[in-house]
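Given the sequences, and given the hints that come with them, work out the whole structure.
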Amino acid sequence: MEAFQQAFRQIIGWMPALIKASGNTILLTATAVTTALALSVFLALGKISRVHSPSGSRGLNLLRKAASALVRGISSAYVFFFRGTPLLMQLFFIYYVLPRYIPALAFRERFWAAYIAFSLNVAAYLAEIIRAAIQSIPKGQLEASHALGFSYGQTMRMIVIPQAYRRMIPPVCNEFVMVLKDTSLVALIAMTDLTYQTKIIASNRASSLVYIPAMVVYLVMTAFFTIVFNRLEKRLSAKE
Amino acid sequence: MSIIRTEYLNKHFGALHVLQDINLTVDQGEVVCIIGPSGAGKSTLLRALNGLESVHSGKIYIDDTLFLHREEGKLVSAPPSVQRKAMLLETGMVFQSFNLFPHKTVLENLVLAQVKVKRTPKNEAEEKARGLLDQVGLNDKAEAYPAKLSGGQQQRVAIARALAMEPRIMLFDEPTSALDPELVGGVLAVMKDLARSGMTMLVVTHEIGFAREAANRVIFMCDGQIAEEGPPAQLLGNPQNPRTRQFLNSVL
Ligand SMILES: Nc1ncnc2c1ncn2[C@@H]1O[C@H](COP(=O)(O)OP(=O)(O)OP(=O)(O)O)[C@@H](O)[C@H]1O
Ligand SMILES: [Mg+2]
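These protein sequences, in sequence, are chains A and B. Residue 113 in our numbering sits at position 113 of the first sequence; the count goes up by one each step and never skips. For our numbering, count along the second sequence from 1 and bump the result up by 1000.
Since the hints were made in silico from the structure, they are not lab data. Each residue gets a CB set at the ideal place from its N, CA and C atoms; glycine is no exception. Any given hint might turn out to be false.
Claimed, not checked - Pairwise CB distance ranges (calculated):
#1 A:L232 / B:G1039: 24 to 32 Å
#2 B:N1241 / A:L62: 42 to 50 Å
#3 A:G23 / B:F1013: 31 to 39 Å
#4 B:V1076 / A:Y96: 56 to 64 Å
#5 A:V41 / B:P1037: 42 to 50 Å
#6 B:E1071 / A:L62: 14 to 22 Å
#7 B:N1023 / A:N174: 49 to 57 Å
#8 A:R83 / B:S1250: 52 to 60 Å
#9 B:R1119 / A:L60: 46 to 54 Å
Quick look at the structure:
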C-alpha cells in the first residue's frame, strides 16, 4: 500500500512536465499535417496532370504537353524521394546538414527543423492518399462533366474534389494519428516533445518507470483524436 | 439541314477496327435509333460525336460546321476552343449509368452547368430547372439527393440536366439498360414526349418497341459498320441484310 501511494505521488509529480511536452507533440503534428495537406493537393494534382481536350495550334499543344510532363515528373520524383527514404534521415539532414550550406536555415528553435521535415515528408504520403481518392471517382462523373461543357479545372474543383474529399477523410485522419506517434523521432534532435521529456526524466535512475505514464499519455492522445475524427466522419457521411 | 453529320469516321482499339468509315447524318427534328449486337461500336460512335472518344480519321460536322477533322490519328482542323465548346453544348448526352453528381441535389445538378458554363443568372437557371423537372414529372424531388431516387427517376433527372443546356440534339446511350423492367416505361415516356416536341434525337437502344414507335429512321450497326438503315417499318418489318434479320430474330 505504501509503495503504491509512493508510485502514485511520483506519477503526479511527473505529470506537469509530461503534459507540457505533449503540447509540443500535438503542436508539431497539427501544424505539420496542415501544411502537408496544402502541399499535397498540388502534388496529387501534379501527379495526375494530363493535357485535356487538345485544341488550338500544334505548337501550343506541344508546349502544354511538355509543361504537363514536367509537372508530373517533379511531383512524382518528390513523392518517390520522401516516401523512399527514412524520415529520420530527412530530419537529420534538415537539422544538421542544410544549415551548413544555407546559413539562413540555422534553426534557433529545433521545432522549425522538425516542422519542415515532417511537413515535407507527410505531404508525400498525403499526396498519395489524395491521388487515390481523386482517381476513385467513377469515370462517368468526368464524362458527364465533359458533356455539360465543364473545363478540366471546373470538373476538378466542382465535381471531383468535393466527392474525393469525403473519401479521403478517413485515411487522412489515420495518417494524422500515425504522424502523432512518429513525431517521437524528434527526440533524436533533442526537441522537447513528449518522448524527449520522458527520456530526460528517466535519466534519473529512480524515475525510469516514467515511460509507463508517458505511453499512457500517448494512448490518451491517439484515442482522443481517433474518437474526434470518427465523429467527424459520421457527421459528414450523414449529410448525403 | 443536318444537325450532325460524319464523314468516314474510323477508330481502332488496338487491332479492333471499331468504327469503319461511318457516314451518319441526322437531320433537324429527326429521331434516329441505332440498334445492333453488343460490341458493334454503337457506344463508341455516340461518344465520338461529343469528344469522349478520339477518332483516328474522319470528319464530324455539327450544324453543318466542321467540329473535328482528323487524318492518320492527327488533328487536321478544329474550331478554336471557345467555338468548340459552344458546339459541344449543342449535343446533350444521356448515359446508361445516369452519372448524376451525387454530392449535389437534383436542382443543383440541373443548375450547376447553366450557371458555371453558360453564365445564366442563378434565378433564371433555377426557374428553367424547375420547369424541366416538371416536364419529366419530378418537380417534388428538386431538393433530394440523387441517391434517394430510383434508377428511373435518376435517368429522368439526367435527361432534364442535359436539356437544361438547350442542346440542338440529344444523344442517348442505352438510357434504359440499367433499369429494372418496371422503371423503363417512365423513361421511355419522357423520351417519346421529347421526340413529339420536335427534339432531334440519336438513340442507341435495345428497346425495339421504342424504335418502332418513336423513330423516323433506324440504323442497324454491326462490326463497326452501318449495315443497314431505313424507316422503322421497313428495317424492323422487312430487313434486307441477313445480319439484321438474324439480330432481330434474337431479340424479338
Ligand atoms: N476503351 C476501350 N478499350 C478497348 N476496347 C474497347 C474500349 N471501349 C470499347 N472497346 C471495344 O470496342 C467494341 C465496341 O464497343 P462499344 O461499347 O462501342 O459497343 P456497343 O455496340 O456499344 O456494345 P453494347 O451493346 O454492349 O453496349 C467492343 O468490342 C469493346 O470491347
Ligand atoms: Mg454500348
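Index of numbered hints that the structure contradicts, given in increasing order: 1, 3 and 9
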